[in-house]
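If you're matching them up, the sequences are chains W and P in order. Terminal number for the first sequence in the working numbering: 262, no gaps in between. Terminal number for the second sequence in the working numbering: 1378, no gaps in between.
These are calculated hints, taken from the structure and not from any lab test. All residues carry an ideal CB built from backbone N, CA and C; glycine is no exception. A portion of the hints provided could be inaccurate.
[To be verified] Restraint ranges, calculated between C-beta atoms of paired labels, are given here:
id, chain 1, residue 1, chain 2, residue 2, range
1, W, V181, P, P1092, 41 to 51 Å
2, W, T100, P, D1248, 11 to 21 Å
3, P, S1089, W, R238, 46 to 56 Å
4, W, L191, P, R1158, 47 to 57 Å
5, P, R1198, W, T100, 53 to 63 Å
6, W, L59, P, R1156, 44 to 54 Å
One letter stands for each residue in the lines below.
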Amino acid sequence: MSEVSEETPAIEVHGLCNRFGAHVVHEGLDLVVPRGKVVSLVGGSGSGKTVLLNNLIMLTRPAAGSIRILGRDVAALGREERIRLQLRLGVMFQQGALFTSLTVLENVMLPLAEHARLPRRLREEAAMLKIQLAGLDADAVHRHPRELSGGMTKRAALARALALDPEILFLDEPTSGLDPVSARAFDRLVLALRDALGVTIFQITHDLDSIFGASDLVVFLARKKVLAAGTAEELAQRPEPELRAYFSARAGGSNCSLNTCL
Amino acid sequence: MDEIAASSPARLHAASEPPRLVLEGAWTAAGVKAEALIAAAAQALSALPEGPVALEAAAQAELDTVGALVLEHIAAEAKAKGRVLDFSSLPPAWQATRSLIAHVAQRTPPPAPEPFSGFAYIGKVAVDLARHYRDMLAFIGEVTLHLLPLLVRPWRIRWDSVIVEIEAAGVRAVPIVALLSFLIGVVLAYQAGVTLDRFGANVFIADMIGVVVMREMGPMIAAILVAGRTGSSYAAQLGSMRVTQEIDALRSLALPPVEMLVIPRFLALAITLPLLTTLANAAGVLGGMVVATGGFGLDWTVGLQRLGRLENTHYWVGLVKTPVFATVIALIGCQAGMSVRGSALEVGRATTSSVVQAIFWVIVLDAIFSIAFRRLGL
């Protein structure tokens, strides 16, 4: 990677608006994601995290506002350039979204087969590399997705997202549905990938342990925009009621009876 | 600058003083043509004098893990020819990427499980088929066990579900069943008319349409349409309910899925199909009559008189088959849905197989009925 690209942020969003009919999801949302960091997007249910993610991975277009991914204005791209930019992004969907008709190995090889000019032997080696980087056992590669446990599905999905060595990796709730041990292992894996591949990681998460333990930057979505951004410790000290409510959920979680909680 | 780098493919060339290979462009998943690069490296190496050869990265070059894998292969080929590549002068970021690969435990995938070959495949198909019919028998047994007590206490049947299913399978199918039966009547009348016209026996077009439609075509068209429309939707509905664990949820709430889901659908079809068949009969006869009167000069009144003189047996012979068809369609559709294991892919497979099986059995049973009725002289 050259000098100039190190300086441009991985993601720059300015004045983003999204609405569905009369329902406004985002209004004037600004966001900057620096390169080589693990950035966690948090916010209550319905705050538009997934809508924002879909904008960023170019699945949907916002109603207004500009998005620059890796220094390129997404709205101004032609078809070819758009595809080339998409290949520099890796996406891991919440449920894994592995192709059920293919084995794990074939799932990871698919993007390599379609978008890289490699002989089969090299494709297999590249896929094996990503599968093992994602922490999946080499013996599991010939299994079909339905034969995988939840944690293995997440890792296989991560391996597929890593297949083309993306510069930005988008993770949608990577630790949801995992037991605490697997979830912390996944956090460590994310940090290790950041260090080993220099990849920028943008994740949606509700997992306070990931937010505090494995995020360089936390972006809090509320009131239709980015309400606050900073380290988890900084955000936990902020006075805004939404932030206080979100971060006190962990602190106050234990000392409430059924009556007071309802 | 990334966009320029990404659009410039990976290249290499030999340089001397000291002897080295210079790597340029994007050594990335998008930028490498692996086989061409490996061949180019071998050629460049052969041009360089004996002794170790250093690798050098050009200023704008990039490397990712795929490019690093290609470099490993280049090094391996060189080693096979007795040449040594020296990686030490590559930039630190490249070294980091290389060491990432070096730490991978298993470079190549383990051998894939052997697919079934020839003879073994035939055996597998036979076993699968036997297993399928065993499951089907078990399913019929399960439905019967749940149905018998309900027949004694009919108020415990979930009639609201039955009504909903009757609407979906019956009311909504009225236009398509009526239209297609009408067209079949038209087609039959044309074929019959051409032949009968030659003998001046036009009046018998009405007889023939009446008999063929009511005995065979009406019940068949209705059953095949319902198999395609409703049997498949039963398989898809129950199949996706299995994938989303809704069936398991019912079981855990001590609500038997067969009683909740299968029996209402089965009863709905058993009620709906005879009604749809009657509709198909009427539409088919009407279609035939339209052609007979319009195309072959048959008088409406005469045609209706001929139809009126047909025995009622024809109608009942057609109608008595329909509850059997309905049972087959509902059971096959529901069993296909309930047998789904795991993924969405299975739902599609179950849906297809339910339609194929249901139509197959409808036609086979119809043939059996025809022979039986002939023997009985009906």
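Cross-check of the supplied hints:
Roughly 34 Å separates the CB atoms of W:V181 and P:P1092, a value that falls outside the hinted 41 to 51 Å. Taking 11 to 21 Å as the suggested C-beta distance range, the pair W:T100 and P:D1248 conforms, at roughly 19 Å. Under the hint 46 to 56 Å, the C-beta atoms of P:S1089 and W:R238, about 50 Å apart, fit the expected range. In this structure, W:L191 and P:R1158 meet the distance hint of 47 to 57 Å, their C-beta atoms being roughly 54 Å apart.
Between P:R1198 and W:T100, the C-beta spacing of about 59 Å keeps the proposed range 53 to 63 Å intact. A hinted range of 44 to 54 Å for the beta carbons of W:L59 and P:R1156 is consistent with their spacing of about 49 Å.
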